[in-house]
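**Q** So the chains spell out like this:
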Amino acid sequence: MIVEIGHYAVVTALLLSMLGVAAPIIGLKRKNAAWVQVGQRALILTFVLITVGMVAMIYSYLTEDYSVKYVYATSNSKLPIFYKIAGLWGGHEGSLLLWAWILAFYSMAAATLHWKTQPVVMPYLILMESIVLCGFLLLILFLSNPFERIFPAPLDGKDLNPLLQDPAMVVHPPLLYLGYVGLSIPFSFAMAALFSGRLGEEWVKVTQRWTLFAWICLTAGILMGGYWAYYELGWGGYWGWDPVENAAFMPWLVATAFLHSVMVQETRKMFKVWNLFLIILAFSLSLIGTFLVRSGILSSVHSFAADPGRGVFILGFVAFMLLLSFGTLILRSAKLKSSVTIESVVSREAIFLFNNLFFLVALVTVFIGTLYPLLMEVLQFNKVSVGPPYYNAVFMPVALGLIFLMGIGPYIPWRKTTAKNIKELFGLPLMLAFGAGVLLFIFGIREEYALASMTVVAFVAAAIFIDFRKIALFWGKRDRVNPFLGFLSAYRRNPRRIAGLITHVGVLVMIVGITFSSLYQTEKILIMKPGDEVSLKSFQLRMATLHGAEGVNWEGKEALFDIYQEDRIVTQMRPQKRFYTVSQTPTTETAIYQTNMGHLFVTIPEVSPDGTWARVRVLHNPLVLLVWYGGGIMGIGGFLNIFRRDRKRSVVSVASGVTAKTAPSLASGRDGIVAQRSES
Amino acid sequence: MAAFKGWHVLLLVGTLGLLAIFYQGLWGNPNFIPPVIVETPAPEVTGPDLYKGTAVSLSDFRGKVILVNFWASWCQECKLEHKSLLAIKKHYEDDPNFAMFGINYQDKDHLAKDYLQVHGNNFDHIRDLDGRISIDFGVYGVPETFVIDQEGIIRHKQIGPIIGDVYSDMIEKVIDPLLNGTAGIVGTVSSS
Chain A
1254 MIVEIGHYAV VTALLLSMLG VAAPIIGLKR KNAAWVQVGQ RALILTFVLI
1304 TVGMVAMIYS YLTEDYSVKY VYATSNSKLP IFYKIAGLWG GHEGSLLLWA
1354 WILAFYSMAA ATLHWKTQPV VMPYLILMES IVLCGFLLLI LFLSNPFERI
1404 FPAPLDGKDL NPLLQDPAMV VHPPLLYLGY VGLSIPFSFA MAALFSGRLG
1454 EEWVKVTQRW TLFAWICLTA GILMGGYWAY YELGWGGYWG WDPVENAAFM
1504 PWLVATAFLH SVMVQETRKM FKVWNLFLII LAFSLSLIGT FLVRSGILSS
1554 VHSFAADPGR GVFILGFVAF MLLLSFGTLI LRSAKLKSSV TIESVVSREA
1604 IFLFNNLFFL VALVTVFIGT LYPLLMEVLQ FNKVSVGPPY YNAVFMPVAL
1654 GLIFLMGIGP YIPWRKTTAK NIKELFGLPL MLAFGAGVLL FIFGIREEYA
1704 LASMTVVAFV AAAIFIDFRK IALFWGKRDR VNPFLGFLSA YRRNPRRIAG
1754 LITHVGVLVM IVGITFSSLY QTEKILIMKP GDEVSLKSFQ LRMATLHGAE
1804 GVNWEGKEAL FDIYQEDRIV TQMRPQKRFY TVSQTPTTET AIYQTNMGHL
1854 FVTIPEVSPD GTWARVRVLH NPLVLLVWYG GGIMGIGGFL NIFRRDRKRS
1904 VVSVASGVTA KTAPSLASGR DGIVAQRSES
Chain B
10 MAAFKGWHVL LLVGTLGLLA IFYQGLWGNP NFIPPVIVET PAPEVTGPDL
60 YKGTAVSLSD FRGKVILVNF WASWCQECKL EHKSLLAIKK HYEDDPNFAM
110 FGINYQDKDH LAKDYLQVHG NNFDHIRDLD GRISIDFGVY GVPETFVIDQ
160 EGIIRHKQIG PIIGDVYSDM IEKVIDPLLN GTAGIVGTVS SS
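So the sequences go chain by chain: A and B.
In terms of this note's numbering, the first sequence is residues 1254 to 1933.
In terms of this note's numbering, the second sequence is residues 10 to 201.
Hints are computed from structural coordinates only; laboratory data are not their basis.
Nothing here was measured: the structure is a model prediction, and the numbers come from that model.
Please note: incorrect hints may appear among the correct ones.
[Stated by the list, open to error] Simulated crosslink set (BS3-like; lysine-lysine; CA at most 30 Å straight-line):
1) A/K1790 x B/K88
2) B/K92 x A/K1782
3) B/K98 x A/K1777
4) B/K88 x A/K1777
5) A/K1369 x A/K1458
6) A/K1522 x B/K14
7) B/K92 x A/K1790
8) A/K1777 x B/K92
9) B/K99 x B/K182
10) B/K14 x A/K1777
11) A/K1369 x A/K1284
12) A/K1777 x B/K99
[Said to hold, decoys possible] Among chain A residues calculated to face chain B with C-beta under 10 Å, some are:
13) K1369
14) Q1371
15) S1537
16) I1541
17) L1545
18) V1631
19) P1641
20) P1642
21) Y1643
22) N1645
Think of the CB as a built atom: it goes at the ideal place given N, C-alpha and C, for glycine as much as any other residue.
Start from the sequences and build out the full structure, keeping to the hints where you can.
**A** What follows is the structure, given as structure tokens:
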């Protein structure tokens, strides 16, 4: 009964989203704001109704109603409550429902928050969001309905895929969707700008925080997925250039490029068409990613049930969105031209241009690699996958180039600069970087990639540190406080810049983690019996016992290892080989011991049938934790940026009586040194 | 009127082309295992010999059955299969129609030599300096082994180490039939 209520709520939501498409069009035609309001109300109601649908599904999970086919397929009475709820996004149908719910949430939020301030944009925003919602609701109701029942009702469910029974996997899909779908808001604003012809800097400023939030979620989602793969799949890596990973990485690359290039538009009124193109591309890639994942067109460890019917529908929808958005861009952009041109290659705008080019090259690299098997198949060649060697060869240099730019972009002046200036700005960081490179070489780092990436990281770190030190001292002196408070005071004056730099610091930390954990990973694979010993780096591992173990919904074998360092026992580790009884799937549970910022990582991928020996895989991943700590710092930078308090001048965009009065009073305040740049 | 520029056309054609490929792709077999290049001509391999440094080309050995093994000194599973490789070479020592090469993948010159010093060696190795050979062969990781027939067609791909049954099958079911001209289609095998 409850499920039926949910079902009908979602059916009604579909009808309302159609109204959300129609109402703003009528409103625009008749120039009647009331119709736009109807559209907004429809969006809000759509959100409420999809929420009802979500709650109904969760209710079925909690009450163990296995007459609901999807619940039957992704849950089991023995599952802990936590995973019962997460079962909702453990399969195709529920994932789409979650997608639609998040989209409805964003749409509702944007249509409410900007209702007063963005009246011109509103009809287009409601229109675009409703179109996307409509598409997904159609897909859910007609081709992937989670509310469907089966008869006779099974007694118990088939269980959630054991690999997904994991805390990281519970939050990974929602985060990823918050990222994917969040890009729809700046996308809709961009489309609104195109339709309404208001192609100035306004849409860029309004959408900044939306894009940032989506970007943080996407980053977190990707990292969470990597973390999950790292310890749950047990192969010791966190990134495998798998098509589905790439599907999330591609919009990330473009969104990152977009976050940078909008700054050029804000400050120098350049890159107008380019920014529109980027955000359309970013959201299109989200949709294409959904298509790639959901249609099963590419083979991947993630692939879900393939269904050409669904594939055709999603493709049709993607085609519609792509043609609509790029078509509009093409038709409208002919009118636009950048009023300013780049004056010099050594200017901040030029560095931003390079930054964008690099991101796009990175995108093309990943894109070609991902679609290569498909291309080969369609063009009647034999299917060949592009493996890590391709990405290592092509992607890494681009990534290094991007990191290098992080050390230049934030410090080089706009417009143009002099040779003397460059020497002053980058002389010291370059020298420090060179010194760091030599030091690393002396300390035995010989891998070319490690040396190159660490030298570049040192360069950027030095540049950031010198800059932070300078502003901390400057403001400390001005406000007569210590440098730390001086730094805070500098932060208050330009939170956006400093928050951005903090994100850069996070990237650096992550790069250190990636470099060391991938280039200096050590590994041993061997057959061990209880009593056997193996040593790796400074650790000795002794297999004490190999015994049976069981949990609520699985049984299996567990090995107990005593870990010694210099003949002292430091810890015990218990890797497991599990067999989930309901779904009849084996999994390999990793045991991890943290050492400094690295991991000792033990798995037993194979246990002999009689339980006398196990194949043991021991890995040492130095500094691997920095990958996720770096991600955390990036997130802190991102959130500081979202919640920053802009100074008055950047909030009020049109010079009104109010700004005219406040501006001088600010200027005459104690921070009068900051030039009051006119914003009109 | 709107003035259309080059990038407009490019964007439109690109979008349409992509959609066409996606559409076509939908009718393909999604569960088809991708890294299969069996039954296709082997890519040309040219690279320096590990010891002599002189260029070696696989096409010079056309007319023979060639076993190509991708390995690296840092690869643990390679060590597992190394004895098998030596045995295969030894098994066909007197057969002039058989050739065998190791492709040393993403490795350091001296580490590769140390590895062979420790584990023994009886066949030639080509260095894959920039990873191109591995990309051409669609190698995902090491070890992977390919068997190429007299016509230069890849007839077998082995993912993972050649140990146990895989070893005897490699000789009895793959190489022998090719040398005798009695081979059918062999396919890709994954040992892990």
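**Q** It remains to establish, for every hint, whether it holds in the given structure.
**A** Hints, one by one, checked against the model:
Proposed proximity of A/K1790 and B/K88 is supported: the alpha carbons are some 19 Å apart, at most 30 Å. Distance check on the hinted pair: B/K92 and A/K1782 sit about 23 Å apart at the alpha-carbon level, within 30 Å; holds. Our distance criterion of 30 Å between C-alpha atoms is met by B/K98 and A/K1777, whose separation comes to about 27 Å. With a C-alpha separation of about 11 Å, the suggested pair B/K88 and A/K1777 falls inside the 30 Å cut-off, and the hint holds.
For a cut-off of 30 Å, the pair hint linking A/K1369 to A/K1458 stands: about 16 Å separates their Cα positions. With a CA separation close to 21 Å, the supplied pair A/K1522 and B/K14 stays within the 30 Å bound. Note on B/K92 and A/K1790: the hinted pairing holds, with a Cα-Cα distance of about 26 Å set against a maximum of 30 Å. This hinted pair checks out: A/K1777 and B/K92 have alpha carbons roughly 18 Å apart, not beyond 30 Å.
With a C-alpha separation of about 17 Å, the suggested pairing of B/K99 with B/K182 holds against the 30 Å cut-off. Proposed proximity of B/K14 and A/K1777 is contradicted: the alpha carbons are some 58 Å apart, above 30 Å. For the proposed pair A/K1369 and A/K1284, the alpha carbon gap of about 17 Å is at most 30 Å, so the pair holds. In summary, the hint linking A/K1777 to B/K99 is supported, as the alpha carbons are separated by about 28 Å, within the 30 Å threshold.
Given hint, A/K1369 at the interface with chain B, is violated; its Cβ is 34 Å from that chain's nearest Cβ, farther than 10 Å. With a cut of 10 Å, the hint placing A/Q1371 at the interface with chain B is violated, because the nearest CB-to-CB distance is about 27 Å. Taken as an interface hint, A/S1537 checks out: its beta carbon lies about 9 Å from the nearest beta carbon of chain B, inside 10 Å. With a least beta-carbon distance of about 8 Å to chain B, the hint placing A/I1541 at the interface is held under the 10 Å criterion.
Against a cut-off of 10 Å between C-beta atoms, the interface hint on A/L1545 holds, since the closest Cβ of chain B lies about 8 Å away. At about 4 Å, the closest approach between the beta carbon of A/V1631 and any beta carbon in chain B falls short of 10 Å, and the interface hint on this residue holds. For A/P1641, the suggested interface contact is upheld, since its CB lies about 7 Å from the closest CB of chain B, less than 10 Å. Below 10 Å, beta-carbon pairs count as interface contacts, and A/P1642 has one with chain B at about 4 Å; its hint therefore holds.
At its closest, the beta carbon of A/Y1643 sits 5 Å from a beta carbon of chain B; the interface hint therefore holds under the 10 Å criterion. Satisfaction of the interface hint for A/N1645 is found here, the shortest Cβ-Cβ separation to chain B being roughly 7 Å, below the 10 Å cut-off.
Against the hints set out earlier in the document, violations occur for numbers 10, 13 and 14.
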